[in-house]
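Student: Residue strings, one per chain:
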Amino acid sequence: MSVTALDGGIPLYTGADWDYDKVRRVYDAIEKVALGEMGLDIYTNQIEVITSEQMLDAYSSIGMPLFYKHWSFGKHFARDEALYRTGQRGLAYEIVINSNPCISYIMEENTMTMQTLVIAHAAFGHNHFFKNNYLFKQWTDADGILDYLSFAKSYIAKCEERYGQVLVERVLDAAHALMNHGVHRYPRRRGLDLRNEEKRERERQEYNEQTFNDLWRTVPTKAGGAAGLSDRDRRRALLELPEENILYFLEKKAPRLAGWQRELLRIVRHVAQYFYPQRQTKVMNEGCATYCHYRILKTLHERGQLTDGAWMEAMHSHTNVVFQPDFDDRRYGGINPYALGFAMMQDIERIATEPTVEDREWFPDLAGRGDAMGALRDAWTHYRDESFILQYLSPSLIRKFRLFHVADDARESEMKVAAIHDERGYRAVRQALARQYDIAWAEADIQIVDVDLIGDRRLVLEHRVLNQVLLEEGEAKAVIQHLADLWGYEVDMEEVDAESGARLRKISVGPRRVLGGGGD
Amino acid sequence: MFTIVDRRLNPSGKSLANRQRFLRRAKDQVMRAVRDASGKRGIKDIDMGGDISISPDGIKEPTLRRASSGGNRDYVVPGNKEFMSGDRIRRPPQGGGSGQGSEGAEDGDGQDEFRFVLSREEFIDLFLEDLELPDLAKRKLAVTDSLDWHRAGYSVSGSPANLNLVRTMRNSLARRIALNRPTGEEIKVLREEIDRLERSGRDNVRLAEAREELALLLRRTQRIPYIDPVDVRYNRFNATPRPAAQAVMFCLMDVSGSMTEHMKDLAKRFYMLLYLFLTRRYKHVEVVFIRHTHKAQEVDEETFFYSGETGGTVVSTALEEMQRVVAERFPPAEWNIYAAQASDGDNALSDNGKTAQLMDQVILPICQYYAYIEVGQDGVSPGLAYGGGARETDLWRTYKSIAEGHPELAMRRVTQRREIYPVFRELFARDGAGQQTEASA
Numbered sequence: 001m002s003v004t005a006l007d008g009g010i011p012l013y014t015g016a017d018w019d020y021d022k023v024r025r026v027y028d029a030i031e032k033v034a035l036g037e038m039g040l041d042i043y044t045n046q047i048e049v050i051t052s053e054q055m056l057d058a059y060s061s062i063g064m065p066l067f068y069k070h071w072s073f074g075k076h077f078a079r080d081e082a083l084y085r086t087g088q089r090g091l092a093y094e095i096v097i098n099s100n101p102c103i104s105y106i107m108e109e110n111t112m113t114m115q116t117l118v119i120a121h122a123a124f125g126h127n128h129f130f131k132n133n134y135l136f137k138q139w140t141d142a143d144g145i146l147d148y149l150s151f152a153k154s155y156i157a158k159c160e161e162r163y164g165q166v167l168v169e170r171v172l173d174a175a176h177a178l179m180n181h182g183v184h185r186y187p188r189r190r191g192l193d194l195r196n197e198e199k200r201e202r203e204r205q206e207y208n209e210q211t212f213n214d215l216w217r218t219v220p221t222k223a224g225g226a227a228g229l230s231d232r233d234r235r236r237a238l239l240e241l242p243e244e245n246i247l248y249f250l251e252k253k254a255p256r257l258a259g260w261q262r263e264l265l266r267i268v269r270h271v272a273q274y275f276y277p278q279r280q281t282k283v284m285n286e287g288c289a290t291y292c293h294y295r296i297l298k299t300l301h302e303r304g305q306l307t308d309g310a311w312m313e314a315m316h317s318h319t320n321v322v323f324q325p326d327f328d329d330r331r332y333g334g335i336n337p338y339a340l341g342f343a344m345m346q347d348i349e350r351i352a353t354e355p356t357v358e359d360r361e362w363f364p365d366l367a368g369r370g371d372a373m374g375a376l377r378d379a380w381t382h383y384r385d386e387s388f389i390l391q392y393l394s395p396s397l398i399r400k401f402r403l404f405h406v407a408d409d410a411r412e413s414e415m416k417v418a419a420i421h422d423e424r425g426y427r428a429v430r431q432a433l434a435r436q437y438d439i440a441w442a443e444a445d446i447q448i449v450d451v452d453l454i455g456d457r458r459l460v461l462e463h464r465v466l467n468q469v470l471l472e473e474g475e476a477k478a479v480i481q482h483l484a485d486l487w488g489y490e491v492d493m494e495e496v497d498a499e500s501g502a503r504l505r506k507i508s509v510g511p512r513r514v515l516g517g518g519g520d
Numbered sequence: 001m002f003t004i005v006d007r008r009l010n011p012s013g014k015s016l017a018n019r020q021r022f023l024r025r026a027k028d029q030v031m032r033a034v035r036d037a038s039g040k041r042g043i044k045d046i047d048m049g050g051d052i053s054i055s056p057d058g059i060k061e062p063t064l065r066r067a068s069s070g071g072n073r074d075y076v077v078p079g080n081k082e083f084m085s086g087d088r089i090r091r092p093p094q095g096g097g098s099g100q101g102s103e104g105a106e107d108g109d110g111q112d113e114f115r116f117v118l119s120r121e122e123f124i125d126l127f128l129e130d131l132e133l134p135d136l137a138k139r140k141l142a143v144t145d146s147l148d149w150h151r152a153g154y155s156v157s158g159s160p161a162n163l164n165l166v167r168t169m170r171n172s173l174a175r176r177i178a179l180n181r182p183t184g185e186e187i188k189v190l191r192e193e194i195d196r197l198e199r200s201g202r203d204n205v206r207l208a209e210a211r212e213e214l215a216l217l218l219r220r221t222q223r224i225p226y227i228d229p230v231d232v233r234y235n236r237f238n239a240t241p242r243p244a245a246q247a248v249m250f251c252l253m254d255v256s257g258s259m260t261e262h263m264k265d266l267a268k269r270f271y272m273l274l275y276l277f278l279t280r281r282y283k284h285v286e287v288v289f290i291r292h293t294h295k296a297q298e299v300d301e302e303t304f305f306y307s308g309e310t311g312g313t314v315v316s317t318a319l320e321e322m323q324r325v326v327a328e329r330f331p332p333a334e335w336n337i338y339a340a341q342a343s344d345g346d347n348a349l350s351d352n353g354k355t356a357q358l359m360d361q362v363i364l365p366i367c368q369y370y371a372y373i374e375v376g377q378d379g380v381s382p383g384l385a386y387g388g389g390a391r392e393t394d395l396w397r398t399y400k401s402i403a404e405g406h407p408e409l410a411m412r413r414v415t416q417r418r419e420i421y422p423v424f425r426e427l428f429a430r431d432g433a434g435q436q437t438e439a440s441a
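Residue numbers (the working numbering), protein chains in the order written: chain P, 1 to 520; chain B, 1 to 441.
In case anyone wonders, no lab produced these hints; they're calculated from the structure. All of these numbers come straight from a predicted model, not from anything done at the bench. Here a beta-carbon is modelled for each residue, glycine too, at the ideal position from N, C-alpha and C. Treat the hints with care, as some may be off.
Derived DSS-like pairs: lysine-lysine, alpha-carbon spacing no greater than 27 angstroms straight-line [stated by the list, open to error]: (1) B:Lys60 with P:Lys477; (2) P:Lys282 with B:Lys60; (3) B:Lys14 with P:Lys153; (4) B:Lys81 with P:Lys400; (5) P:Lys153 with B:Lys60; (6) P:Lys32 with P:Lys22; (7) P:Lys158 with B:Lys14.
Quick partial rundown of chain P residues pointing at chain B, CB under 10 angstroms, derived from the structure [stated by the list, open to error]: (8) Gln273; (9) Asp328; (10) Ala419; (11) Val449; (12) Asp450; (13) Leu453.
All chains should be modelled from the sequences, with the hints used to inform the complete structure.
Tutor: Okay, here's the thing in structure tokens:
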């Protein structure tokens with residue numbers, strides 16, 4: 001052992017097999033590093049040991065310990081199982097759930113070193129991220145999620161008993177198709193309570209009194225007063241349109257749905273909302289967890305609490321996870337969020353402690369700040385992938401990954417290299433990469449814009465087409481069919497070019513069968 | 001602070017309900033796939049689970065997403081080696097940039113088939129769906145091949161695991177009260193009294209009395225035990241035999257020189273199906289193999305399928321052999337009897353009359369179902385064979401003549417491997433719907 005011992009110096013464990021005692025010892029050692037030295041702030045941990053069979057099970061219900069029943073989960077399970085059994089895909093080492101207490105699954109087949117890695121990664125890295133990132137704080141309720149899922153599960157099971165599996169399935173199918181458009185992207189204004197209402201009224205009154213000027217009374221008003229509202233505007237105000245949360249709109253306003261059907265939409269919507277932050281923070285979340293496990297294990301190894309063999313094994317898995325193949329490599333399948341995330345976290349540490357001249361120019365606030373952990377914790381709290389990359393991707397990292405930006409215009413026969421890792425290109429590459437992680441760019445911007453209340457109750461949606469990329473037609477039709485079934489009347493989807501306002505395509509679908517069965 | 005929970009012993013198969021829903025949803029496609037797969041399988045593999053591929057049409061999960069081609073796109077990719085900004089690159093085939101697709105495509109574009117694994121049970125269930133045995137309920141009999149245990153009161157003997165504590169203690173209490181066994185409380189009180197008297201040393205008479213009393217009580221305690229063997233009761237379990245239906249399946253086959261390997265293979269496949277099918281419906285299925293040339297004998301499976309034999313063809317010998325076996329071992333009142341006969345249709349001319357008579361009077365009346373499969377040469381088009389009066393074999397003609405009054409006799413011709421399963425289905429299809437469509441086709 002090359003480094004001996006400030007703190008212990010005796011390995012926490014030897015050999016590959018794990019047992020509860022070892023796990024406890026390791027957990028305590030990790031906790032000391034993570035909370036004491038790295039300043040992480042976590043939910044209480046609950047570590048659950050499961051078999052590989054159970055891991056497969058967990059996959060099929062998006063990792064949640066309990067979930068309602070639906071055929072699509074069976075489908076995913078069947079596929080995952082086939083891939084796993086034929087050896088085309090391994091199982092994840094861990095699954096971690098954003099709940100309080102934070103549940104992480106570890107597999108019994110793993111070696112002690114893998115368990116160590118997983119505990120550092122999930123129970124501390126992810127856990128800290130869940131508890132502190134602003135998106136998770138704003139959109140998810142870690143205390144209540146398990147109770148809510150348990151409610152959802154039993155509610156849907158009761159509905160199946162009462163109304164039959166087929167009817168429930170139809171609603172869930174439709175709701176799942178619209179799931180990505182069932183999230184609130186911005187915090188909604190909450191209705192004021194009486195005290196605040198009164199306070200506001202008082203403030204207004206005071207303001208009016210202070211700024212009272214009798215002259216205003218003499219200013220002539222336009223003839224006809226404020227009657228400028230058109231029919232359309234009034235209707236839109238009444239229905240609170242435009243609305244981009246389609247499931248929310250249907251739940252509240254669809255004319256023919258029964259109460260239980262609205263509740264099903266609500267459940268699917270809540271689940272979608274719960275996962276919404278995870279979709280926006282893949283790079284950061286994994287980067288944070290990977291950085292944490294790396295740093296924690298490294299510290300333990302330096303203190304001799306981890307044997308050289310264990311360290312080598314951990315590094316073997318670690319390097320596999322953060323491997324980034326080049327674009328012309330057969331293994332290339334997009335940018336690996338672990339690789340990018342981990343590299344960026346390390347880069348921030350480097351900039352904070354050993355900045356170059358270039359770094360000082362690009363990150364004047366961060367460079368040489370010294371407190372790397374503070375800077376990282378700050379980033380983990382206040383950013384999501386898109387803003388994080390826009391803020392922190394450094395030229396040196398762009399050079400390291402040799403990132404380049406390709407612009408592809410379908411009207412031209414060739415693609416163009418728009419920017420590479422050079423002085424002129426850094427900002428362009430960074431911006432383009434950040435945009436790639438911006439969920440608002442990746443997903444279609446679809447809103448409900450109008451309802452023909454007086455006529456045939458037709459629902460009108462609008463897709464604001466960015467960069468002339470239309471919707472996938474076959475799928476769009478199928479989804480709008482589902483939408484029409486829920487709405488109960490015809491639905492139009494217009495695709496409008498965001499820049500020119502030109503109408504590009506229109507899809508109209510009538511309901512195939514009315515899902516709402518009148519009253520409950 | 002943390003908790004560690006061992007979930008390994010939790011029941012697995014949490015997603016079973018999801019899987020059943022999925023199979024129900026994709027049932028038509030899965031059934032089709034199962035039949036295709038079973039056509040390609042070897043005989044031995046017929047009752048195993050396996051890989052199934054179905055087209056993803058009915059199980060799509062559509063979402064509103066942007067098309068994967070067209071429009072202006074931007075990609076940022078790693079690993080630049082030679083490009084300078086302003087370079088032009090040929091578009092890689094099939095759009096999608098350099099395998100890009102940001103988020104949308106990860107959920108399996110559904111471009112090709114959906115593959116998954118069916119378990120053995122699922123496979124067979126789907127395979128045999130909507131098939132029914134004719135006259136299933138006609139003769140059933142209890143065979144005690146399994147026992148059901150259920151509670152039946154109490155007994156005075158048994159294993160310690162079945163000890164009924166409540167009963168035992170109740171008996172013990174009753175006996176102790178009846179025999180007036182001193183309680184611990186009484187003895188305690190007496191002892192205290194003695195103690196007190198000894199210490200005060202005054203009332204010596206009472207002390208002696210009390211001592212005697214105590215000795216008596218202790219003696220009684222010893223003589224009347226707290227729990228006596230007579231108190232002990234055990235839970236009693238009674239075994240009742242679980243009735244199980246039983247069936248015997250006769251496989252009759254012509255093994256004379258005119259039967260080629262191909263024909264035997266066809267026959268074997270049919271027997272396999274029948275066996276599989278019977279085992280699903282009956283707890284207990286016996287199989288009897290009878291082969292015949294100009295003489296018949298009961299053999300084991302290996303000999304039945306794989307050893308050659310030369311000689312003429314006299315079908316009635318096989319029927320007689322079957323009659324003998326039935327009489328010896330399978331009384332018709334107790335067994336559901338099924339028979340399947342495979343032959344190329346040859347029979348000695350002189351034997352036809354005897355065969356017809358045997359069938360009509362002996363065999364068919366005791367059979368639940370008698371399937372006659374006429375196997376033909378590979379390559380002889382089924383159209384020709386089916387072509388009605390084109391050329392009927394001796395045996396076919398013979399059986400046809402007696403088929404009138406016997407609904408339990410079914411006859412089919414098969415020439416190719418892939419026909420086996422349709423023919424089998426047709427024979428056992430529920431409510432005979434398959435039969436009519438086939439006949440009109």
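Student: Each hint needs a verdict: does it hold in this structure or not?
Tutor: Structure-based check of each hint:
Restraint check for B:Lys60 and P:Lys477: the C-alpha separation of about 13 angstroms stays at or below 27 angstroms, so the hint holds. A C-alpha spacing of about 26 angstroms is found between P:Lys282 and B:Lys60, which places the hinted pair at or below 27 angstroms, so the restraint holds. Between B:Lys14 and P:Lys153 the alpha-carbon distance is near 13 angstroms, which keeps this suggested pair within the 27 angstroms criterion. Using a Cα cut-off of 27 angstroms, the hinted pair B:Lys81 and P:Lys400 holds, with the two alpha carbons roughly 12 angstroms apart.
Simply put, P:Lys153 and B:Lys60 have alpha-carbon atoms about 23 angstroms apart, close enough for the 27 angstroms limit, and the pair holds. Proposed proximity of P:Lys32 and P:Lys22 is supported: the alpha carbons are some 15 angstroms apart, at most 27 angstroms. Distance check on the hinted pair: P:Lys158 and B:Lys14 sit about 18 angstroms apart at the alpha-carbon level, within 27 angstroms; holds. A hinted interface residue such as P:Gln273 counts as satisfied when its beta carbon comes closer than 10 angstroms to some beta carbon of chain B; here the least separation is about 16 angstroms, so the hint is violated.
At about 7 angstroms, the closest approach between the beta carbon of P:Asp328 and any beta carbon in chain B falls short of 10 angstroms, and the interface hint on this residue holds. Interface restraint check for P:Ala419: the shortest CB-CB distance to chain B comes to about 5 angstroms, inside 10 angstroms, so the restraint holds. For P:Val449, the interface hint is violated, the least distance from its beta-carbon to any beta-carbon of chain B being 15 angstroms, above 10 angstroms. Annotation: P:Asp450 was flagged as interfacial toward chain B, and the flag is violated, the nearest CB pair being 18 angstroms apart, outside 10 angstroms.
Annotation: P:Leu453 was flagged as interfacial toward chain B, and the flag is violated, the nearest CB pair being 24 angstroms apart, outside 10 angstroms.
In this structure, the hints that do not hold are numbers 8, 11, 12 and 13, in rising order.
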